[in-house]
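Please work from the sequences and hints to get the whole structure.
Next come the chains, spelled out residue by residue.
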Amino acid sequence: MFDAISDYDPKDSTSQGSKTKTYDTINNDIKGMKVGIAREYLEGIREDVKEAVQNAVKVYESLGAEVVYFDMPAIKYALPVYYIIACAEASSNLGRYDGIRYGFKAEHYNGTHDMMCRTRSEGFGDEVKRRILLGTYVLSAGYYDAYYKKAQNLRGTIVKAFNEAFEQCDFILAPTVPMTAFEMGRAVSDPVETYQTDICTVPVNIAGLPAVSVPCGFDSDGLPIGMQLIGNKFEEAKILNAANAYEKAASQNFKETKWGVKL
Amino acid sequence: MKYELVSGFETHVELSTKTKIFCGCTTQFGGEPNTHCCPVCIGLPGTLPKLNRQVVKYAIMAGLATNCEIAEVAKMDRKNYCYPDLPKAYQISEYDKPLCEHGYIQLSNGRKIRILRIHIEEDAGKLVHAHGDTYVDYNRGGVPLIEIVTEPDFRSTDEAREYVEKLQQIMRYIGVSDCRMQEGSMRCDVNISVRPQGSDELGTRTEIKNMNSINNIVKAMEYEYERQVDVIEAGGKVIQETLRYDDASNTTSSMRGKEDANDYRYFRDPDLVTILTSRQEVEEIRKSLPELPAVKQARYVDEYELPEKDASLLTKYRRVSEYFDEAIKGLKNPKTVSNFIIGSIFRRVETEKDKESFDVKVSPAHLNELVKMIEDKKIQNNLAKKTLEKMLDTGKSCKEFIDESDLGGVDDSALEQMCKNAIDSNPNAVADYKGGKEKALMSLLGNVMKQSRGKADAQAVKAKLIELIK
Numbered sequence: 000m001f002d003a004i005s006d007y008d009p010k011d012s013t014s015q016g017s018k019t020k021t022y023d024t025i026n027n028d029i030k031g032m033k034v035g036i037a038r039e040y041l042e043g044i045r046e047d048v049k050e051a052v053q054n055a056v057k058v059y060e061s062l063g064a065e066v067v068y069f070d071m072p073a074i075k076y077a078l079p080v081y082y083i084i085a086c087a088e089a090s091s092n093l094g095r096y097d098g099i100r101y102g103f104k105a106e107h108y109n110g111t112h113d114m115m116c117r118t119r120s121e122g123f124g125d126e127v128k129r130r131i132l133l134g135t136y137v138l139s140a141g142y143y144d145a146y147y148k149k150a151q152n153l154r155g156t157i158v159k160a161f162n163e164a165f166e167q168c169d170f171i172l173a174p175t176v177p178m179t180a181f182e183m184g185r186a187v188s189d190p191v192e193t194y195q196t197d198i199c200t201v202p203v204n205i206a207g208l209p210a211v212s213v214p215c216g217f218d219s220d221g222l223p224i225g226m227q228l229i230g231n232k233f234e235e236a237k238i239l240n241a242a243n244a245y246e247k248a249a250s251q252n253f254k255e256t257k258w259g260v261k262l
Numbered sequence: 000m001k002y003e004l005v006s007g008f009e010t011h012v013e014l015s016t017k018t019k020i021f022c023g024c025t026t027q028f029g030g031e032p033n034t035h036c037c038p039v040c041i042g043l044p045g046t047l048p049k050l051n052r053q054v055v056k057y058a059i060m061a062g063l064a065t066n067c068e069i070a071e072v073a074k075m076d077r078k079n080y081c082y083p084d085l086p087k088a089y090q091i092s093e094y095d096k097p098l099c100e101h102g103y104i105q106l107s108n109g110r111k112i113r114i115l116r117i118h119i120e121e122d123a124g125k126l127v128h129a130h131g132d133t134y135v136d137y138n139r140g141g142v143p144l145i146e147i148v149t150e151p152d153f154r155s156t157d158e159a160r161e162y163v164e165k166l167q168q169i170m171r172y173i174g175v176s177d178c179r180m181q182e183g184s185m186r187c188d189v190n191i192s193v194r195p196q197g198s199d200e201l202g203t204r205t206e207i208k209n210m211n212s213i214n215n216i217v218k219a220m221e222y223e224y225e226r227q228v229d230v231i232e233a234g235g236k237v238i239q240e241t242l243r244y245d246d247a248s249n250t251t252s253s254m255r256g257k258e259d260a261n262d263y264r265y266f267r268d269p270d271l272v273t274i275l276t277s278r279q280e281v282e283e284i285r286k287s288l289p290e291l292p293a294v295k296q297a298r299y300v301d302e303y304e305l306p307e308k309d310a311s312l313l314t315k316y317r318r319v320s321e322y323f324d325e326a327i328k329g330l331k332n333p334k335t336v337s338n339f340i341i342g343s344i345f346r347r348v349e350t351e352k353d354k355e356s357f358d359v360k361v362s363p364a365h366l367n368e369l370v371k372m373i374e375d376k377k378i379q380n381n382l383a384k385k386t387l388e389k390m391l392d393t394g395k396s397c398k399e400f401i402d403e404s405d406l407g408g409v410d411d412s413a414l415e416q417m418c419k420n421a422i423d424s425n426p427n428a429v430a431d432y433k434g435g436k437e438k439a440l441m442s443l444l445g446n447v448m449k450q451s452r453g454k455a456d457a458q459a460v461k462a463k464l465i466e467l468i469k
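As given, the protein sequences belong to chains Z and L, one line each in that order. If you read the first sequence in numbering that gives the first Met the number 0, its first letter stands for residue 0, the second for the next number, and so on. If you read the second sequence in numbering that gives the first Met the number 0, its first letter stands for residue 0, the second for the next number, and so on.
Since the hints were derived computationally from the structure, they do not count as laboratory data. Think of the CB as a built atom: it goes at the ideal place given N, C-alpha and C, for glycine as much as any other residue. There are no misleading hints in this set.
So these bits of chain Z aren't anywhere near chain L, every CB distance computed over 10 Å:
1. Ser17
2. Asn54
3. Val58
4. Tyr68
5. His107
6. Arg129
7. Pro190
8. Tyr194
9. Thr200
10. Lys237
11. Asn243
12. Phe253
13. Lys254
Mimicking DSSO-like on lysine-lysine, the simulated pairs with C-alpha atoms at most 27 Å apart in a straight line are:
14. L:Lys49 to Z:Lys148
15. Z:Lys149 to L:Lys74
16. Z:Lys232 to L:Lys49
17. Z:Lys232 to L:Lys74
18. Z:Lys159 to L:Lys96
19. L:Lys218 to L:Lys354
20. L:Lys78 to Z:Lys148
21. L:Lys17 to Z:Lys10
22. Z:Lys149 to L:Lys96
Here it is in structure tokens:
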């Protein structure tokens, strides 16, 4: 599957593409590999999640990997940077849903302009509207420099921080989410808190890096805890190999939960 | 008080690439509405743009031909605005890092119109109002454009006219656009302000959008100049606004004011990668450019000693100049060829479009053959001219007519024999000439011309007669 989707896409200018057969290189041998732990990834993380991740580090040590600790202060900016850039792009990307060519179209309107306004007001949900508003704001002439431009500069800082980190380790191990799943419906009432749950996963999206999320334990309610392995650019093979080695060594974390989901 | 006109131009030129800028659709003008479209150029969700490299090449050609510097690194940005003819609700353009910058076009009065920048972008679709409704035709959407922006360097409508003509001529020469204003493949936005003569400060400007003929540009500029002067003279202030020009009433009217100006929320298009142009590539493009009209014109004057006006007429259209270049090969007197083209051939090629394609019945080789015969004194100039008309009618070589109507010249031995005959049969005239009566030679000449039925070259006959009498 990965080998198929990683191939070059001639219709996508940003596609790099490779012909490597990642699957064939997976051998579960991670002896001598360096596992990086960035301290910032463990800040503000719930204790049980932190503990599960630390246990996973021990598993890697037992498999012959070496652990290196370092600081990555730049990833603290990843969340605001991500929401500025993602909303900016979304506000522009979603402009095409104007009801003219396809998709939802308002039933009653008066003229083209009114049709577009109503289509968008009626068709988009609250979260989408919130992001469009945020995105248009950070791109507007008066605020571009203060938000969008600054976010792009910080994006560069984050990319650089990861480059430096990968000089010291083969992959970075971090929690996937700072807690376990919250109850249904809570997300809607507090958007900022919801955005906070993305704090561990957005850095790779900002930096353009591959990561794989793997179950690494359960909380007291029996809810699964996840960790992620972050690799350098185009080093998917390395993290898939490390993830597979962990799965073999810690199969107790991959059992069926009481919700019937086999992990 | 006298007021000076200050104007700058933004000109959109449609590039004549075969396919659109970000997809493989044809760029052909016209066509049934929405038949030259695909998921990419109508902005379906999930589609991605892929830059047509030929567009970059054409833009670089345009930049080099107008003395611009070519950026080594350029990028594409999104210009966000909402309009039904813009399917993605943003136009992909270049904002702060254009491909070409700091060029100029020199006018005949010696002034240089500075070109601030040339950037590439995609065209929008077209709204069609019919049956009391509005329809959208996306055929033109995604057709590649270059926008050529000048500094506010124009001081008269004459300069504006010459600039647009020169720009058209250059773009056609290098083959990047047909620049047909009526078809919309060239459109001008004109920025105008006025200021007291001698002032260095710029006045408040207005912008007249989408002008589609040179005459309208001149008329709109004249009108807008007068209007602004009137406003100021009456103690008022010119308001910064966007105007449209109405051809029928010859007036401008407001489209939108400064406060309604769009905030385009420019940002780099994340779907596209950086445009890199190597110095080697730019130099190769520079080398591949044809000789530009201004250079060619100067060369025709210097090298072939053509009058400035003739050189300008011959170089106005690339095909004409190529025809001329081909027709003068190996000839001593290019001026004769030039005279035939301007005097005879142009009379049959009237429209601008026809001059552009310059598809005439007489091939350059046939014209060359005809002029060669004049140079070899096988045919006289005025007879050659008549022959050319017949050639233009039929497309046949001059040989056909010279044989047919016996217009062939007289060879040297025949000429000598005819001169001898004339001298022998007119002893009186010979005696008169010898006695100092120059005019007496004319009757001998007349005799020879009669013998040759007008075919002989008068100058040659004269020389031969003098030689024989001595």
